[in-house]
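> Single-letter residue listing:
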Amino acid sequence: MSHHPVIHLEDICKTFSLAGQPVEVLKGISLQIDPGEFIALLGTSGSGKSTLMHILGLLDRPTTGRYNLAGQDVSQLPDERLSELRNSMVGFIFQSFYLIPYVSARENVMLPGLYSSTPGRVLKARAEELLTLVGLADRMDFKPGQLSGGQQQRVAIARALVNDPQVLLADEPTGQLDSKTSGEILDLLSDIHRQGRTVILVTHDLATANYAGRKIFLDDGRIKNS
Amino acid sequence: MVASKTVDLVRLSWRILHMALTAVWAHRLRSCFVILGVALGIASLTIIVAAVDGAERKAYEIVDSFGPDAVFILGGDIRNRAVGQRTNTLSYADAEVLRQSLPGAYRVVPMRAQHNLPVRFENNKMQVSAIVGATAGYADVWNWPLSEGRDFSEEDIQRGAKVCLIGDTPANELFGDRSPVGRTIYIEKLPVQVIGRLSYRGFSGGGGSIDERIILPITTLTQRFNLDRKYFRALRVKFTSTENMDFHVENLTSLLRKQHNLAEGQPDDFSILTADEILGFLSMFKGGLLLFLGITAAVAIVVGGFVLANLFYLSVDERKSEIGLKKALGAKNSAILLQVLAEAVILTLIGSLFGMAIGMGMAQLLERLGILEILFSWKVFTYSTLSSVAIGILFGLRPARKAAAMVPIEVLKG
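Sequences listed follow chains R and B, in order.
Residue 196 in this note's numbering sits at position 107 of the first sequence; the count goes up by one each step and never skips.
Residue 213 in this note's numbering sits at position 164 of the second sequence; the count goes up by one each step and never skips.
Isolated chain B (complex conformation) (with noise of 0.2 Å):
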């Protein structure tokens, strides 16, 4: 009996889906409008969950290339500025000083660039966002392979030599698919030949990509640019390991400090960005966007919501002598709520579908514009696919249950 009564219902389930889908095909405009408003709510869902992951991706990239065992000193106080106060505070001495005497600093790297100054390799013409000046080891200060050629050697920034290390953006531009090592390219006029290429890394580090640049030796950057000798934007120092980065963090501020005669009580005239103080930034940036995007979406899906409501309200109205005709013929109240709710989930499935391809098409894009990082994943699919389900039941429900409460001898008439 029991296993009768179960086949009985998986039949009577199966034929109540299969009921849906025919009403669905037959009502193709109104089937339409449905999809298309959950499609953009699910768009908007799933932009959110792939920006958000490729938000936190990109967070730990880009820890991950700054590197762990590194800090970034930064000239001024950039978490609390005070009027006037100078930005030029770091010096070639504190450099050096730094390089002598800092515990534990194998490296200490002055930073120090130009911004859109054209190029030219042959008749290929471009504005390069970042002319960088570097010491010997630019790769390996910032975890930053080559792909090919070498890298600037003492020699190099010491002569200052008209050499230069490439970006993946440029190279691509201005050789194509040739090799640029060895050849000869024109920064502003002065010519500067190619000894090493840089790797893609491929994502943007805000305004521009952080592929497009070409690094120089600081010296012959200094000298052939007209900046300002004495002082540098920022300085990078490079630790032995990745242990007491707060003991090496206090000692580079005591030192610091110390370099710029400052006293007791005075604030610093210099700011130390560690990788965890990034992380830490991103982080802050990722919750915001959740927040933005969250609320973004959710009304986007709750208008979906309402569209589906409202025609499907229109739809039992219209089907009124069907309904009746069914509740007649011996349809049960919970076969016709089966029905309408199977109707609205098949739509927002549909929609759910479409949705999730618009709003990864739209996330490609605002990828290529360099304004998100994308992540796909199983994620998205998962919670587009839940979401939809759960509108089309909650939004569905009050139209299904108008639909199971109508009478027959009310609605067949004459």
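In isolation and in its complexed conformation, chain R is listed as follows (with noise of 0.2 Å):
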């Protein structure tokens, strides 16, 4: 299997209609993806950045084009097969956290599991085992409104990982974070890398691509060869 590409995009295309008007927002996108890669995806905005994170994560589907995640053609699925995989290969980091404000923190953890046939007994062991795992083991009680910044993407980190995804997708991770904890959380991401999980860092920042082991430009919906 590991020879084998996590991910490999064969000119992916996607079109937007805007006011009528056909706007193409990826031109041709190729690549591929190892399994335990660290990737950096850097672009401004408007660069097609977030169009190709959305297909990666499977929230969207290119125009044309071919899309394989872990061997299987995903491209042209209908949407309650990308539901079930998004759920069971793909883990969400998004820049504004997204916690559920009246559940505890390990509840939050639990919530993909929660659409996943793992039995109830085992999800929360394994929610409590991420909430150690980010640090948090004495918050799992505590509702998102009791947390720092910080301490809620901890969460949102121990929610992506807890159906063991093949893939981890994060959005801006550290956008709305200080420097100081904008590392700890990028130091953690690489800790998860380093335990052999597959990780794409979507950012506009070069000093957090850096945390990558690969870096892809993005420009005007085409990869620039660095």
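Source of the hints: derived by calculation from the structure; they are not laboratory data.
Warning: the hint list may mix true and false statements.
Simulated pairs of lysine-lysine, BS3-like, Cα-Cα distance not exceeding 27 Å [what the hints assert, rightly or not]:
1) R:Lys-116 with B:Lys-428
2) R:Lys-304 with R:Lys-116
3) B:Lys-369 with B:Lys-451
4) R:Lys-116 with R:Lys-313
5) B:Lys-307 with B:Lys-287
6) R:Lys-269 with B:Lys-462
7) B:Lys-211 with B:Lys-174
8) B:Lys-174 with R:Lys-232
9) B:Lys-279 with B:Lys-307
10) R:Lys-269 with R:Lys-232
11) B:Lys-381 with R:Lys-304
12) B:Lys-279 with B:Lys-211
13) B:Lys-428 with B:Lys-369
14) R:Lys-232 with R:Lys-213
15) B:Lys-428 with B:Lys-335
16) B:Lys-238 with B:Lys-211
17) R:Lys-213 with B:Lys-451
18) R:Lys-232 with B:Lys-381
19) B:Lys-381 with B:Lys-279
20) R:Lys-232 with B:Lys-462
21) B:Lys-451 with B:Lys-462
22) B:Lys-462 with R:Lys-313
23) B:Lys-54 with B:Lys-381
24) B:Lys-381 with B:Lys-369
25) R:Lys-269 with R:Lys-304
26) R:Lys-213 with B:Lys-335
27) B:Lys-462 with B:Lys-381
None of these values were measured; they are calculated from a predicted model.
With the hints in hand, could you dock these two chains into one complex?
Given below as structure tokens:
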């Protein structure tokens, strides 16, 4: 398995229609990512990196081109299948954390598992293990509002790992954090990468991207060779 | 494979229900409004079902106490009363003729009453709504057993004795826990000895409780309270068997027409009521009640449904990012749809419990005021529960669909 890329994009194009006019956002992206890589996806706003991230995260489909995820063609799957694959294969980390405000850290971490077939007891144990891993062993029963921004993002990272996904997709994970906390979060992502997971970090900031092993620059819907 | 899929489905449903309960609790204020909106609708439904059932039971009770073997004759034609027609048409002579020559009749009882007279026992005073005149055997004629004491004898009637039977309401008010039998009460200034007490009957016969009455020998009532000595309002005839009631009524009609010297083609100057007719009237009343209250309840329930729909639209909007997040993390559209519907049904079910409680409370009040007779049953519970689930699904469906159709990338921005 490990000789095969976990992600293989072939000539991905994405066209939106804006006020009746077609706008080509991605113009033929081809890309391979091997298992265990730490990738930074860089680009200014309007470069198409958000769209590419949505396609990589199975939140959107390419207009044309092929997308192989762990050996399976996922370019044009129906919504229901995409939901299942997002649940089992992809872990999401968002800039604004997106925790459910009225349930505890533990229950937030368990959330993706609730839509999987993992039994409840296993799920709870796994959530607690992950919260301990991200350094929040003593905060499991806290609600998001009782946690600092950095702590909230740690909860979100634990949540992204709960279904043991192949790929971790982090969209500007430090965008709302101060530089010290940002460093801590990026160190945590590096730790997770070292434990053998594929991490894709989407950012516009070069300093952040330096944590990654490989940088991919996106400009005007195309990959720029660095 | 199939078994494990079923297990997965049950587990997912259970988890969705748990999430729905958590969300309902987390948004308590919104939940309260929905519960309240639904509760009012269900409360009216509860009252209606209870009232209609109660009305039906009451109808049968009235007919039961009226007796299927009896008819009621009123002076004047109540169905199409001619202008200026006399209602004082039933006389003692009529009663006597019926008693002697109507086949199958074993009791003919003239009825006469006074209303709202002051009654006093020692220092307890009250206004009694009905002072009724009667002949011997009142309890038997009206199927109304005595709880203590004795009934009037023929001698009491002939003498115009100063004795009475007392209804349950005045007995309680004037005597409390003591036995009224053998005591002397004053009706206006007339001293009367209580010889018997009527058992509690407990339904209202339109305007005051039927238990609020005192019975005097008709002779006593006529002499002491200066009533018309020749005519009376009504006459009750009891037959030996319930068979051939139509035949009895026909006999009675021709006998009275002859007695009143009515020519062929002239209308009756009296009206005969049978148990069947009373039942018919009561079922008409019930139909009217059902229609009127049914419309009220339907409106109330629809209003509750709109409250729910509106608040859920707002809620789905407010929780956009939560819904988008869940979809991004792998919740299928059906899971989101089910959660919103579950939230709606949980709230309408709680609303229906509250509604039933409110409804029963109001019904008790109405019953105590003597406006309605209420009957509670599993029917009330079943109707309320089913209709609340229906409201939840019906009015929750559009907001739930809206939630399920949200696109994560449009909702999760920044």
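> Find the hints from earlier in the document that the structure breaks and name them by number, from lowest to highest.
Structure breaks hints 1, 8, 11, 13, 17, 19 and 26.
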